[in-house]
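In the order they appear, the protein sequences are chains A and B. Be aware that the first sequence starts at 1, since it is given in UniProt numbering, and climbs by one per residue. Be aware that the second sequence starts at 1, since it is given in UniProt numbering, and climbs by one per residue.
In case anyone wonders, no lab produced these hints; they're calculated from the structure. There may be inaccurate statements among the hints.
Distance ranges between label pairs, derived from CB positions [as the list claims (entries may be wrong)]: (1) A/K24 / B/D71: 18 to 28 angstroms; (2) B/K113 / A/G130: 20 to 30 angstroms; (3) B/G53 / A/A48: 18 to 28 angstroms; (4) B/G52 / A/A131: 39 to 49 angstroms; (5) B/K113 / A/A131: 22 to 32 angstroms; (6) B/S86 / A/P11: 39 to 49 angstroms.
Yeah, the Cβ is synthetic: ideal placement off N, Cα and C, and Gly gets one too.
Protein chains: 2
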Amino acid sequence: MPAIAFEDLTPGLIIQLGEIVIDKDEMLDFAERFDPQPFHLDEAAGAASVLGGLCASGWYTSSLWMRSYVDHVLAGSTSQGSPGCSELLWPKPVFPGDVLRSELEVISARRSKSRERLGLVEITGRAYRGAEVVMRTTFVGMFGTREP
Amino acid sequence: MPAIAFEDLTPGLIIQLGEIVIDKDEMLDFAERFDPQPFHLDEAAGAASVLGGLCASGWYTSSLWMRSYVDHVLAGSTSQGSPGCSELLWPKPVFPGDVLRSELEVISARRSKSRERLGLVEITGRAYRGAEVVMRTTFVGMFGTREP
């Protein structure tokens with residue numbers, strides 16, 4: 001049995017997920033493939049935009065947060081995926097070289113009514129640059145239960 | 001002036017964004033980097049999960065939808081990015097070889113109170129496999145206005 005099951009994810013629990021470093025080359029590769037808007041690809045276009053500089057696609061920041069969540073929680077868990085997010089916010093632009101601190105907080109947890117041995121855990125994930133939240137998402141994670 | 005500005009994105013407008021093809025190799029590369037959960041990497045683990053098979057990370061499907069949105073709308077627009085999504089749902093798993101139809105619908109539009117010549121457009125994006133919605137997101141897009 002993995003170390004983390006539904007029963008371990010209790011409301012109020014906060015788990016630190018380590019640091020995310022925004023690598024400029026990978027940030028640009030991601031933008032070229034998935035979000036080739038000028039302010040994600042070009043310094044001058046970024047500076048001329050309301051974002052204030054060449055900045056990461058929110059999908060890149062979110063994908064990096066996901067990786068930190070897998071490394072610190074899901075890899076040793078009974079995770080069965082997620083049906084989605086009730087919010088995914090990018091309150092501040094993220095720039096090359098930024099170092100973000102990543103964490104999650106368990107908001108609520110209940111057993112599935114339709115599936116045995118499955119629990120639904122509502123989680124808020126955040127990425128911080130210093131004291132500033134640059135990404136926040138609230139989603140439901142599906143986790144196998146330890147007890148029948 | 002780009003072809004699409006705030007004024008063009010009126011509530012009720014639906015724009016077709018073409019097809020998304022789920023390439024297995026790229027799907028696996030994305031999962032290895034950003035979402036290395038067993039059911040996103042391995043056939044047997046996928047089959048054993050509640051997802052029913054090796055399937056795409058929702059972040060991969062969402063990133064592909066973003067690319068279709070850039071290609072069909074944002075590239076020729078006054079887009080100034082997005083502060084985030086009020087929902088991002090993955091109601092059904094997405095599998096290698098799936099061909100998804102992508103579209104958006106404008107839900108509401110208003111001018112920014114705090115920034116001149118900027119409008120906020122609420123948009124719902126969907127990806128369909130046949131008649132089935134496999135991804136839905138509602139978000140705010142910021143667009144420059146054509147008129148002062």
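Do the hints match the structure? See the list:
1. Checked against the given bound of 18 to 28 angstroms, the beta carbons of A/K24 and B/D71, roughly 24 angstroms apart, stay inside it.
2. Range check, B/K113 to A/G130: about 28 angstroms between beta-carbon atoms, so the 20 to 30 angstroms window is met.
3. Look at B/G53 against A/A48: about 45 angstroms separates their beta carbons, and that is not inside 18 to 28 angstroms.
4. About 43 angstroms separates the C-beta atoms of B/G52 and A/A131, a value consistent with the hinted range of 39 to 49 angstroms.
5. The hinted window of 22 to 32 angstroms between B/K113 and A/A131 holds, with their beta carbons roughly 26 angstroms apart.
6. Between B/S86 and A/P11 the Cβ separation comes to about 23 angstroms, which falls outside the hinted range of 39 to 49 angstroms.
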